[in-house]
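**Student:** Residue numbers (the working numbering), protein chains in the order written: chain U, 442 to 581; chain E, 442 to 581; chain G, 442 to 581.
These are computed hints drawn from the structure, not numbers from a lab.
Please note that a few of the clues may not be correct.
It does not matter which identical chain is used: a pair holds within one copy or between any two.
[Claimed, not checked] No more than 25 angstroms apart at the CA atoms, straight line, and that leaves these computed lysine to any residue pairs for SDA-like:
| # | residue 1 | residue 2 |
| --- | --- | --- |
| 1 | 575 | 516 |
| 2 | 463 | 512 |
| 3 | 463 | 517 |
| 4 | 463 | 514 |
| 5 | 463 | 493 |
| 6 | 568 | 533 |
| 7 | 575 | 470 |
| 8 | 575 | 494 |
| 9 | 575 | 522 |
| 10 | 568 | 545 |
| 11 | 463 | 491 |
| 12 | 575 | 510 |
Since the structure is predicted, the reported quantities are computational estimates derived from the model, not experimental observations.
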Amino acid sequence: MLQSIKISVNGQGLHDVTQAVKSVVSEQGGDGLCTLFIQHTSASLLIQENHDPSAKYDLERWLNRLVPENDSLYTHTLEGPDDMPAHIKAALTASSLSIPVVGSQLALGAWQGIFLWEHRHEVTQRKILLHYAKDSCDKV
Amino acid sequence: MLQSIKISVNGQGLHDVTQAVKSVVSEQGGDGLCTLFIQHTSASLLIQENHDPSAKYDLERWLNRLVPENDSLYTHTLEGPDDMPAHIKAALTASSLSIPVVGSQLALGAWQGIFLWEHRHEVTQRKILLHYAKDSCDKV
Amino acid sequence: MLQSIKISVNGQGLHDVTQAVKSVVSEQGGDGLCTLFIQHTSASLLIQENHDPSAKYDLERWLNRLVPENDSLYTHTLEGPDDMPAHIKAALTASSLSIPVVGSQLALGAWQGIFLWEHRHEVTQRKILLHYAKDSCDKV
């Protein structure tokens, strides 16, 4: 089963997509493996603390300090000052993530949320593909 | 097939989980795909050099230098000085890993081991989920 | 279905493997999930910009600056000055990647290519395993 999930974003930062993923999986039901794939090279996927907003805030600022805009190293500058940093950030984080499903529920740990990490300033929509393979076929 | 593996850890560093994963897979047998998922936001999964302990030692010290404790950037400090660095380290490394299985064996390269990378000082146990999907159903 | 893909490399940098992966998947046909696994600890897998060579050039130079050779931190130096940096770079990037397949085609975004990121200078060949699980069995 493959479904495309559209995520509205408003600038850099972590956008929680846990509920969007959960609702697709719970509608399908069963046990299996849910794989997320982001169809972009300047945004990424992340499993992180879902509780304290300060953790998300620090994560974002830390990565912006590690990969700043206007670094004199960049030659790829035609698409704006946030473009090359966005590609580097995407390279350092995940493009795909796989999470087991048990009894129609994502088997996330107590403090885990799933986030789309937007690395550009002015993008307003991103697309994540959700693939869900049920285990049932193993029993055939 | 889904199994939960409990890993005893004693502070920061790479904990080899290769044997624990191998024994579950070999008990199940067959060919397929083994996916590991860590249910935490301050520890991660890693495929690395399984031979020379100096590589693991350097990896740990390098990441501790890149993401030090007591950085004045952090606002998320209530859970201790190692908590925010642990979240950042987890964001830079993997939460899930998928490894093919051939003839009941993980298809790892000659020098590859699977590690749980603990990023906190005082945690004593972590949980990894192992999902194993056999290929056999493809042949139905 | 599991296939081993041999990739010729000539030193550090991004080697485009998109066509090699596409041809295996299109030969198999159908819908499902394609998982790539690299059998090395000093090279990695990456989804990145497939269009402008300057993005690849900057990515490579940025990572070489973050993880330089001859860092006095390294104790693992017997295998050459590029070995420990290569392990660190591999730890910061992906060992496995999963990409959905729709109608015999990889569901990559418009600007996404799949790359083997070689982190050593003198390696000439690498091996990627391609696992393809078709969805059809879900319908049995």
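**Student:** Which numbered hints does this structure break?
**Tutor:** 1, 2, 3, 4, 8, 9, 12
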